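Sequence lines, in order, name chains A and B. According to this note's numbering, the first sequence is numbered sequentially starting from 39. According to this note's numbering, the second sequence is numbered sequentially starting from 31.
These are calculated hints, taken from the structure and not from any lab test. All of these numbers come straight from a predicted model, not from anything done at the bench. Backbone N, C-alpha and C fix where the C-beta goes; we use that ideal spot for every residue, glycine too. Warning: the hint list may mix true and false statements.
[To be verified] Here are the simulated SDA-like cross-link-like pairs (lysine to any residue), alpha carbons at most 20 Å apart as the crow flies:
#	chain 1	residue 1	chain 2	residue 2
1	A	Lys71	B	Thr74
2	B	Lys154	A	Gly135
3	A	Lys404	A	Glu364
4	B	Lys154	A	Tyr103
5	B	Lys154	A	Val447
[As the list claims (entries may be wrong)] Rough simulated footprint, nothing fancy, chain B against chain A, three-plus residues with beta-carbon under 8 Å:
#	region
6	203-212
7	247-261
8	285-293
9	379-387
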Amino acid sequence: MDAQYYFKDSLIGAPEVPQKLLSNGFANFEYEKGNFSAGIRYESYLDPILGYDTRYQGSGIPYRYLRYNIGDLDVTAGTFYEQFGSGIILRTYEERGLGYDNAIEGFRVKYVPIRGLTVKGLIGRQRNFFSTSEGLVRAADVEWNLNESCDSMAGNKTQWIIGGSFVSKFQKDDDPVFNLPENVGAGAGRISMNSEGWTASAEYAYKINDPSGTNGYIFKDGQALLFNLSYTKKGFGAIFGVKRIDNMGFRSDRDATGNSLMINYLPALTKNHTYSLAALYPYASQPNGEIGLQLELFYNFKPGSTFGGEYGTDVNINYSRAQSIEKTLIDTVGNPEAIDLGYTSGFLMFGKEVYFEDFNIEITKKLSKKWRMHLLYMYLHYNKSVVEGRASEPTVYAHIAALELGYKVTSKKNIRTEIQHLYTKHDKQSWAVLLLEYSIAPNWFIAGFDQYNYGNDISAQRIHYFTGTLGYTRKTNRITIGYGRQRAGIFCVGGVCRNVPASNGFLMSITSSF
Amino acid sequence: MKKNILLMVLLSILLSVFNLSAQEQARMLPSVNVKTLTGEIFNTENFSNDGKPIIIDFWATWCKPCIEELTAIHEEYADWQKETGVKLITISIDDARTMNRVAPFVNGKGWNYENYLDANGDFKRAMNVNMPPHTFVLNGKGEIVWQHVGFTEGSQEELIAAVRSLLEKNIAEPVKTN
Numbered sequence: 039m040d041a042q043y044y045f046k047d048s049l050i051g052a053p054e055v056p057q058k059l060l061s062n063g064f065a066n067f068e069y070e071k072g073n074f075s076a077g078i079r080y081e082s083y084l085d086p087i088l089g090y091d092t093r094y095q096g097s098g099i100p101y102r103y104l105r106y107n108i109g110d111l112d113v114t115a116g117t118f119y120e121q122f123g124s125g126i127i128l129r130t131y132e133e134r135g136l137g138y139d140n141a142i143e144g145f146r147v148k149y150v151p152i153r154g155l156t157v158k159g160l161i162g163r164q165r166n167f168f169s170t171s172e173g174l175v176r177a178a179d180v181e182w183n184l185n186e187s188c189d190s191m192a193g194n195k196t197q198w199i200i201g202g203s204f205v206s207k208f209q210k211d212d213d214p215v216f217n218l219p220e221n222v223g224a225g226a227g228r229i230s231m232n233s234e235g236w237t238a239s240a241e242y243a244y245k246i247n248d249p250s251g252t253n254g255y256i257f258k259d260g261q262a263l264l265f266n267l268s269y270t271k272k273g274f275g276a277i278f279g280v281k282r283i284d285n286m287g288f289r290s291d292r293d294a295t296g297n298s299l300m301i302n303y304l305p306a307l308t309k310n311h312t313y314s315l316a317a318l319y320p321y322a323s324q325p326n327g328e329i330g331l332q333l334e335l336f337y338n339f340k341p342g343s344t345f346g347g348e349y350g351t352d353v354n355i356n357y358s359r360a361q362s363i364e365k366t367l368i369d370t371v372g373n374p375e376a377i378d379l380g381y382t383s384g385f386l387m388f389g390k391e392v393y394f395e396d397f398n399i400e401i402t403k404k405l406s407k408k409w410r411m412h413l414l415y416m417y418l419h420y421n422k423s424v425v426e427g428r429a430s431e432p433t434v435y436a437h438i439a440a441l442e443l444g445y446k447v448t449s450k451k452n453i454r455t456e457i458q459h460l461y462t463k464h465d466k467q468s469w470a471v472l473l474l475e476y477s478i479a480p481n482w483f484i485a486g487f488d489q490y491n492y493g494n495d496i497s498a499q500r501i502h503y504f505t506g507t508l509g510y511t512r513k514t515n516r517i518t519i520g521y522g523r524q525r526a527g528i529f530c531v532g533g534v535c536r537n538v539p540a541s542n543g544f545l546m547s548i549t550s551s552f
Numbered sequence: 031m032k033k034n035i036l037l038m039v040l041l042s043i044l045l046s047v048f049n050l051s052a053q054e055q056a057r058m059l060p061s062v063n064v065k066t067l068t069g070e071i072f073n074t075e076n077f078s079n080d081g082k083p084i085i086i087d088f089w090a091t092w093c094k095p096c097i098e099e100l101t102a103i104h105e106e107y108a109d110w111q112k113e114t115g116v117k118l119i120t121i122s123i124d125d126a127r128t129m130n131r132v133a134p135f136v137n138g139k140g141w142n143y144e145n146y147l148d149a150n151g152d153f154k155r156a157m158n159v160n161m162p163p164h165t166f167v168l169n170g171k172g173e174i175v176w177q178h179v180g181f182t183e184g185s186q187e188e189l190i191a192a193v194r195s196l197l198e199k200n201i202a203e204p205v206k207t208n
């Protein structure tokens, strides 16, 4: 559970919180006996911590299920999380730290009729904070591992897995003007091949017309394609990925906003950074259209080699880019009777607008028995207007560098420091970060973390975002007490990573698992 | 308001004391499907190490303390295996966005663990894992006997100590065979 005591802070835009103290809490209970299992999660938002969707008001047991599993047959009644393929037409999941949860409540059956073949079927309504959606979701998925099923292929070095899925949602059309489709179907097919270190996988999805708030109520169909090729052997790895998304926002309520009621998941093809300045401008997939690619290399210089030194050196190079798809708008102005299809788009035609670009290189090295080092350089191009969905925001071009040093005082006592710098002339201009952490394994840590927006053009906005955290961990019980201003995002301090909302004030967090 | 905070601190300390005693009871692994790095479905019930201890480590490619932990263990893993016969199983909770990075990442680091993907967190939820890294130690019978959240340099010693204590117990009270 998290509890926060707030202070008014007009500098960083933290509003005054009349309740002063807010808290989020949840408790999971899982029980298993023989072929049966059951679980519930009690959640309470009194009132939701700032940064959470305010529709999470109150307490309840939104997650509860009963499951019967005899290996080949697996039946769930209640709330469940499911993913078909890479999730581009169906994925329900949760991220408690950010208050994201689109679980389905209903029935799910998984069945393995023959070895290597898995069939899934489900029906239900999605979670919408403390209620469920109006729209109904029905879906089925088949996955077939050819090598497991066919004895003639069993010993093959090359392994094939194919799959297909179908999702349909139903929502009544109450619109007085438009004739909106009540049943919207989407289908996807996927294939993956593995052979001696090589992996190639592809998934294609198609969705029929689905006018929604996300796409501006146009009647165009949607498509998505993901392709990934990788090669890996000991000490080396390489990845090449491409994706194209065209009008693939898919929610069980066509008018839903924010992160709620999404049926599918469109993964961003970009690296997930953890240094706070590298993660300052994170990318999110654009459901209405984007084309992107990613290239990545991993290499381990062996100990004793020129670059490896005494302990070896790890190098990681990553490049990713996302930009608009080509769109030719359809003019319906002179023809009010026509159905608004919005636009047409050539399948592999690039648009002109760059949404995001990230080139980064990371080096990890153990310098001696006492010292460890991690270096990051990153070039970033971030189209703030598009990614954050707000007009007339600047595009940010930035150079980011981070140096992390770890020093072993004794085998249990460690000092860790991060120095980060972000240089840019755009948005809020340049930032610097200093982190100091002292830990006594395995129980205690204390950390001080300062993000300083020193380069801001407006001198009153040159703010220190300082946070001090003290934590105690014993086995799976963890208590941290923090004070200061904190930005939203993945926060890795004191030996764990978690997603945190923005805040200012006292923060206490307790996590226990047993 | 300050009274409330104090009350909560007290309450939570009480709670965690209660948890410490509750977690001593042994528990088996739940039956959940994960995937191998080559995409095959694998049931967690089938994790085995021929009656020797297993370490299960939940991690992600975006979790730096997790990577530090697995790197620190990597330096000593050959010794650990020789001494205790322990096997380390990694469960990546990377989702569709980053799960394609896991195989090249693991190989790029030269790690010798047995690796699986839990892309939608099914195993993570069944094991009540909230924050990575989260490690479990299983005895030869597959019972969860120890767990820990988080990593700071040096805590790998506590982990291997938990594995060693299992072996000592085995000598003291040998497992009955029918």
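**Item:** Contradicted hints - numbers only
**Value:** Of the numbered hints, 3, 5, 6, 7, 8 and 9 do not hold.
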